[in-house]
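**Q** 202 is the number of the first residue of the first sequence in my numbering; add one for each residue after it.
Hints listed in this document are in silico derivations from the structure and should not be mistaken for laboratory results. Treat the hints loosely; a few may be bogus.
Pairwise CB distance ranges, derived in the manner of DEER restraints [to be verified]:
| id | residue 1 | residue 2 | range |
| --- | --- | --- | --- |
| 1 | 249 | 549 | 58 to 66 Å |
| 2 | 526 | 468 | 15 to 23 Å |
| 3 | 538 | 331 | 17 to 25 Å |
| 4 | 249 | 203 | 33 to 41 Å |
| 5 | 391 | 549 | 48 to 56 Å |
A virtual CB, placed ideally from N, CA and C, is assigned to each residue, including glycine.
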Amino acid sequence: MTTRCRIAPSPTGPLHIGTARTALFNYLFARQTGGTFVLRLEDTDQARSTREYEQDILDGLHWLGIEWDEGPEAVDRPARGPHGPYRQSERGQHYAEAIERLLSQDRAYPCFCTPEDREADRLADAAHAGYSGRCATLTPEEREARRAEGRPSVIRFRLGEGSVEFDDLVRGHVSIDTSQLGGDLVIARSDGSPLYHFVVVVDDIAMGISHIIRGEDHLSNTPKHVLLFRALGAELPLFAHLPLILNPDRSKMSKRKSQTAVATYREQGYVAEAIVNHLALLGWSSGDDADLFSLAELEERFDLSRVQPSGAIFDADRLDWLNGQWIRRLAPAELVTRALPFLQRAVAGAAADGYTVRRPTVEDLAPLLPMVVERLPRLDAIGPMLDFVFVEDLEIDPALLLPKRWDAVTTETGLASTRRIVEETGEDDFGAEVLEPALRSLCEDHGWKVGDLFMAIRVALTGRTATPPIFEVMSALGYETTLDRLAAASELAGAIAAEE
RNA sequence: GCCGCAUUCGUCUAGAGGCCUAGGACACCGCCCUCUCAAGGCGGAGAUCACCGGUUCGAAUCCGGUAUGCGGUACCA
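With the hints as extra help, turn the sequences into a complete structure.
**A** Structure follows, in structure tokens:
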């Protein structure tokens, strides 16, 4: 029998890190077993579901490389696969039929209780939490009478008695008594629309799902699903409840306490490879000392039986480290393509601040990247690292220009001497081979620390104190610009000296 | 409250009765490299394996209890 698993996000928010992790594990399991991975949108909560969120989820999964074999394509494009439609809002027929069946077999019944009724029952019998069952035994005549009065009703599923047991692939045997489930379960609202616990089972049956791999937050709800599978005459799928991804305070990862939107990580310059790698390591481990895994390697090595049962804090530091590792492993051309938009955005930001800029192109960036790759924990770090090349009317912050041990006069002479040396060296020998020895002996002659001179040059050329090595910066800038900026900066140092 | 699940360095984890004086990675600290920032190399500190009791010649590993944490308990998903 071929395995079929699924991810069933609800488009009530942007793609969540937790959803992505669950999707990843399902995807890996499917690839691993030669099975099928289905994507289904659980949009039964029409009030909160939107097409924008749906699109965000689809985009995010594509971006991560977590591709599904069956499911909806982009919004407004036809579904892919034989079990469609893949949006619950379009599957009303299935639910209506299933409810009809349960009703006709008396496995479900209409319930006319008002919120006040339920509250009264709860107060009267505090020992039993959940629904009292006062509508469970209504006769057909009593039901008709209530309908005649125009009282609205929900549909409740009879839970029955005894204990529910099932085996979980990561937690082993789980057992719970039916009486602990909160009373007969509402499966359809008074307006007739079906509820999550019900539709999820109907769809998993209709789509032939063999393995339900999802977050541990669903573990307590699983007994309800088991009962529903049985009532609907279906064979039980296998369950695997994944450990939760946690906030630093060990509660379930949430928007309030953590950054949960996959799209936000993407905007910040995290690379899909790093996100995938990090998510895989939250709850799964290979068993050996390796910690860098590509999606392809994960498809090869993932093993559901090596999934941990306890929750894992989302460690942002580790993600950052992995991100740096993956950025440095990308093919140069690929890195250029991915990093360019971040550089362009930074430069556009400078333009918006009133600077005269040149828009970077692929051709501009390609030769510059080698000098910054190992300085990029994230792609968005490329802005401060290279913007000075594209901002033509660079402004130098006087507070940064003077090295700690230098006064303004020394800085002025240092930069002026440097300019002279560069000029005398000429454009043909403009490079570290000739310039570096020359500048070093300049320092020796004046008794300067090399670091001080280089820092002054660095700030003069880039406006920043953390940059690539200065001779690489010079060649990135070009001969003329280097001379111009050195001149401007020594002039500025002179002005500071005059003021003092 | 009730029910369920979990519990090895700060964090992610290795560990399936002797290989554990508990291994790796991130973070942290130090040194090296060095024109800044990184990256990289080397080293260090960091866990009485939640606690108590039991089984066993021997337990992080098996069993029981306790504690703590988290999750669920909707006409949300």
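**Q** Each hint should be assessed against the structure and marked as holding or not.
**A** Each hint, compared with the structure:
1. 249 / 549: 58 to 66 Å: For residue 249 and residue 549 the Cβ distance comes to about 35 Å; the hint is violated.
2. 526 / 468: 15 to 23 Å: holds (20 Å)
3. 538 / 331: 17 to 25 Å: With a Cβ separation near 56 Å, residue 538 and residue 331 fall outside 17 to 25 Å, so the hint is violated.
4. 249 / 203: 33 to 41 Å: holds (35 Å)
5. 391 / 549: 48 to 56 Å: Once the Cβ atoms are compared, 53 Å apart, the range 48 to 56 Å for residue 549 and residue 391 holds.
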